[in-house]
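Peer 1: Taken in order, these protein sequences are the chains called A and B. If you use the numbering used here, the first sequence closes out at 306, no skipped numbers anywhere. If you use the numbering used here, the second sequence closes out at 1257, no skipped numbers anywhere.
Keep in mind that the hints were calculated from the coordinates and are not lab data. Note that beta-carbon positions come from the ideal geometry of N, C-alpha and C, so glycine has one too. Don't take every hint at face value.
What the hints assert, rightly or not - Pair by pair, the computed Cβ-Cβ distance ranges are: (1) A/R139 with B/G1134: 30 to 38 angstroms; (2) A/D134 with B/R1003: 32 to 40 angstroms; (3) B/D1059 with A/P148: 52 to 60 angstroms; (4) A/R139 with B/Q1012: 51 to 59 angstroms; (5) A/G161 with B/R1015: 49 to 57 angstroms; (6) B/S1053 with A/A185: 32 to 40 angstroms; (7) B/V1116 with A/F110: 55 to 63 angstroms; (8) B/G1134 with A/A185: 41 to 49 angstroms; (9) A/L160 with B/T995: 50 to 58 angstroms; (10) B/N1209 with A/R35: 32 to 40 angstroms.
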Amino acid sequence: MADTLVMERAARPARLARMGAGLRRIGKSRAFVIGAVLFAFICLAATIGPLFTSVSPNALAIRSRFQPPSMEFWLGTDNLGRSVLSRVLWGARLSLGIGFAVVLINAAFGVLLGALAGYYRKLDNILMRVADALMAFPAVLLAIGIASALGPSAVTAIVALSVVYVPRTARVVRASVLVVRELDYVHAARACGATDRRIVMKHILPNCMAPLIVQLSFVFAYAILSEAVLSFLGLGAPPTVPSWGVLISEGRAYMREAAWLTIVPGAAIAITVLGLNLLGDGLRDVLDPRMKVEQG
Amino acid sequence: MSPLLSLRNVSVAFGGQPVVRDVSFDVASREIVGLVGESGSGKSVTALAILGLLPPTAEITGEIVFEGRDLPALGRRQMRRLRGAGIGMIFQEPMSSLNPVFTVGDQIIEAIRVHQRISRRAAADRAVELLEKVGIPAPRRRLEDYPHQMSGGMRQRVMIAIALSCSPRLLIADEPTTALDVTIQAQLLDLLAEVREEFGTAVVLITHNMGVIAEIADRVVVMYASRVVEEAGVFPLFDHPRHPYTRGLMASTPAMDMEAPRLVTIPGGTPTPGNLPPGCNFAPRCGYAIPPCAEGVPPMDAFADGQRAACIRARELGPAAPR
């Protein structure tokens, strides 16, 4: 018992030191730091931003229509006198929420299907041909097709974007599973009598995490972008809900007179996507040092 | 007493191409049997066939009987239960045989809990015990280490601990010392011998290193180009090998007291599985070959002392003179 305590006390600082070393390594990647800051800024804005805007995103003020950015309305008002700042912040919640939902579904189904295809070679052909078929369509076109078949709503957008991106994630997972399943420790686990499930869950998947995490950060970025496209076309969030795509779509008619109506949500999308892409690039550099060597 | 493991006319083929032919040998309990041969002689495939770890494309024929059960006939589930608990295996590469994302403690505990329903805490205590047995200092602390924090020799000790975790009756060690330097090799061989003494585990030791065999094996099975060519106790084998291939192997092993200017070699190279000569596989490289050697596969010839050799001239040539 005393022995166990000693072990635990000794182990904790060691673990902390390891985590510290990992953080320092990540901190060295400039892309990661910039991306993380941008993305954190957007997330913060989405979570606590709406608390600070006293104006409801749907509060009409007909007398103050088309106000350019000012002290009263930091980012101006739209054609119905609604605060653009308030609407962009609420829109962030919706856009990030949809993006995050797509990432979660991707993580779940992408990993499941990728692991099945990579581990059970007989399933591989079937699953991957279906994935090929889905990936043969341009991403946005397929999303538009699915969304228009299901009818516009936020859930539709999530479903459509998941159908588009899950095959891509599954491919990434499958590729890593194919590599890891041939490694010695997987054979060793099998020689110890481990079940297939245990081998996949404990020995294969944890070693496939690096490319998956990178892939998911990109899926997040693409999902936000595609959601904006769908909403812009009227196939995503309904016009009553201020998602970023809806805002751009609404502002489009007044681009000459009130450019801020499109510039502000456009910038929000740009910052988020840029942030996530930098984050993904940075993570890839840190998680896969070999790539960096090859690049120079 | 019936042997622990018994192979009878085991052949393995891939796509109709045999890589192991007619292999028969026994392993008694508590016995260390060396399986020797060059790369590609089929020794590793034989080991994997015993554990049922060959890919499904492999065609296995013959009998592999372990504790009275014919292994190829077992179902997937039964075979899985046997792996680890009945037959353990140690692989060649200690550097890559451990999962890099878990601590060694996690991996030993996992191996224990695959076959035994005990608590994590009890399994952790057992893991400490095992690490101590295989000679790892400060085992409690080492449980928290990741594989990359250990040297190759220590990792191989961990692999042995994992293989021993479920007290198997048979341990198959596939070139366990090849990747390690010589002093560590010697320590690990001692460890394997201790394991046999303490746990009563039989060991099939696969190697191409005659020195390793001489160190710990009780009996030796020599394979050449997919077939067993000679089988003997370790002393008769080193003392008077009967098969010309084994003689060649012995002659080409440098000895401390030898003053030969050059190492003796066996002329030629091992034939590839698709290109076997007719008759005796070794005939084209054999200094004693006569025309009948090419006519048929030589049968195993058993000698009075239990030595067996697959050579039609073994009797006529007599035992090789001791060096």
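Peer 1: Hint by hint, say whether it matches the structure.
Peer 2: How the hints compare with the structure:
1. In this structure the supplied range 30 to 38 angstroms is violated for A/R139 paired with B/G1134, their Cβ-Cβ distance being about 53 angstroms.
2. The supplied range of 32 to 40 angstroms is met by A/D134 and B/R1003, whose beta-carbon atoms lie about 33 angstroms from each other.
3. Distance hint check for B/D1059 and A/P148: the Cβ-Cβ separation is about 59 angstroms, which falls inside the suggested range of 52 to 60 angstroms.
4. At roughly 35 angstroms, the beta-carbon separation of A/R139 and B/Q1012 lies outside the given 51 to 59 angstroms, and the hint is violated.
5. The hinted range of 49 to 57 angstroms is satisfied by A/G161 and B/R1015, whose Cβ atoms lie roughly 53 angstroms apart.
6. At roughly 38 angstroms, the beta-carbon separation of B/S1053 and A/A185 lies within the given 32 to 40 angstroms, and the hint holds.
7. Range check, B/V1116 to A/F110: about 57 angstroms between beta-carbon atoms, so the 55 to 63 angstroms window is met.
8. At about 45 angstroms, the beta-carbon gap between B/G1134 and A/A185 stays in the expected band of 41 to 49 angstroms.
9. Remark: the range hint 50 to 58 angstroms for A/L160 to B/T995 is upheld by a beta-carbon distance near 57 angstroms.
10. The hinted window of 32 to 40 angstroms between B/N1209 and A/R35 is violated, with their beta carbons roughly 51 angstroms apart.
Consistency note: the structure conflicts with the earlier hints numbered 1, 4 and 10.
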